[in-house]
Amino acid sequence: MSSIESVYLLMLTTGLLGGFGHCSGMCGPVVAAYSLGLGERRLITHLLYNLGRITTYCILGGIAGMTGSFVSLAGSISNLQNIVIAVTGGAMIVMGLGIATRLRLTGRKGEVSVNRLNSLVLRGMKSISETRGIGVYYPMGLILGFIPCGLLYTVLIAAAGAGAASDSRIEGLLRGTAMLFLFGLGTLPALFLIGQLTVLAGEKLKSMFYRVSGGLMILTGIVFIFRAVR
Amino acid sequence: MTVPCVCAKEHAHASPVSDGSRCDFQYGACAKNISNLEVTLDIAPKPVKAMKELLFSVVVKGGKRYDSLVLDLTMPGMYMGANKVILKRSADGIYTGKGIIPKCPSGKKFWSASIDFPGKGSVEFFFDVVY
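So the protein sequences, as listed, match chains Y and P.
Just so we're aligned, residue 1 is where the first sequence starts under our numbering, counting upward by one.
Just so we're aligned, residue 1 is where the second sequence starts under our numbering, counting upward by one.
Source of the hints: derived by calculation from the structure; they are not laboratory data.
Watch out, some of these pointers could steer you wrong.
Looking from chain P toward chain Y, a few residues come up when the C-beta cut is under 8 angstroms (computed) [as the list claims (entries may be wrong)]:
1) Pro47
2) Val48
3) Glu53
4) Leu55
5) Gly77
6) Tyr79
7) Ala91
8) Thr96
9) Ile100
10) Lys103
11) Lys109
12) Phe110
Idealized CB from N, CA, C, for every residue including glycine.
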């Protein structure tokens, strides 16, 4: 196996290993948040979300590979990352409040009914639920692909290194893109599983699960906002 | 195989520190012994920050000469992927290489730099970075 092939294999295994460890803890709550109440459209939803996320990884990998510099890439996207994580945190708090207080999202079978209405939460929930058509998940994945992640940084450092060692910028771009694509592909099974398990648990355990999930989402949202402003 | 760490404010005058195995690269180099080798690691520039290009310098006293060494950066308790820095031996016998320590959004700053010496084992330096 050549060194280039072994790097690609390393990226895939890094994604797989990181997916079931690192990503499950760091990004699992985000996946769980959007998975609640998906019902029958969960398969296509997860695919679109992950496709969006992997697309962003590929773009970042391509830039890192083409420029051969991780530091300049990280510097140029840090403000965007802070905005993404703050907005995600805010959305998770709103969704968590809605779910914990048992607001109906879209009225599908299996979802719990409204028993408490908070006008601010309701407005937030409405705005989120109204945009929860299938088409929203790919762009959502694109945006959430920017969530700051140490594991992603490590892979981007490797992509920048591979780019710096390439003969041309085009070769660096292609290598960086391929590396991040394989990394993203590797993380897919774990995040897909989290999404599926969330949907199943939500259907089986209903109200108790929704309340616990809502609480966890609020907590995660607060942590995300804290990270953004820190 | 890991051994107690010794740290110092000057690269050439590494001395033991009281906190056992944790190095403080914000102040100076850190030395460890393995078999008949004395391995001193330093990281620059200081303060040692995450997300910045860093220069890792290793001085090895005793034993045979290596063409290059591999420094493996890991975060204890958190899988962060393979982050290896190739340290090339320069004319003055110092092994140097550039690398980057990523920032963990969880806020953890505790890292490990492990250097493998074929046939002898590895030395591991534990340290904190600045965000």
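These are the hints, each one checked on the structure:
no. : hint   : result
1   : Pro47  : 16 angstroms, violated
2   : Val48  : 15 angstroms, violated
3   : Glu53  : 6 angstroms, holds
4   : Leu55  : 13 angstroms, violated
5   : Gly77  : 10 angstroms, violated
6   : Tyr79  : 5 angstroms, holds
7   : Ala91  : 23 angstroms, violated
8   : Thr96  : 16 angstroms, violated
9   : Ile100 : 5 angstroms, holds
10  : Lys103 : 7 angstroms, holds
11  : Lys109 : 11 angstroms, violated
12  : Phe110 : 12 angstroms, violated
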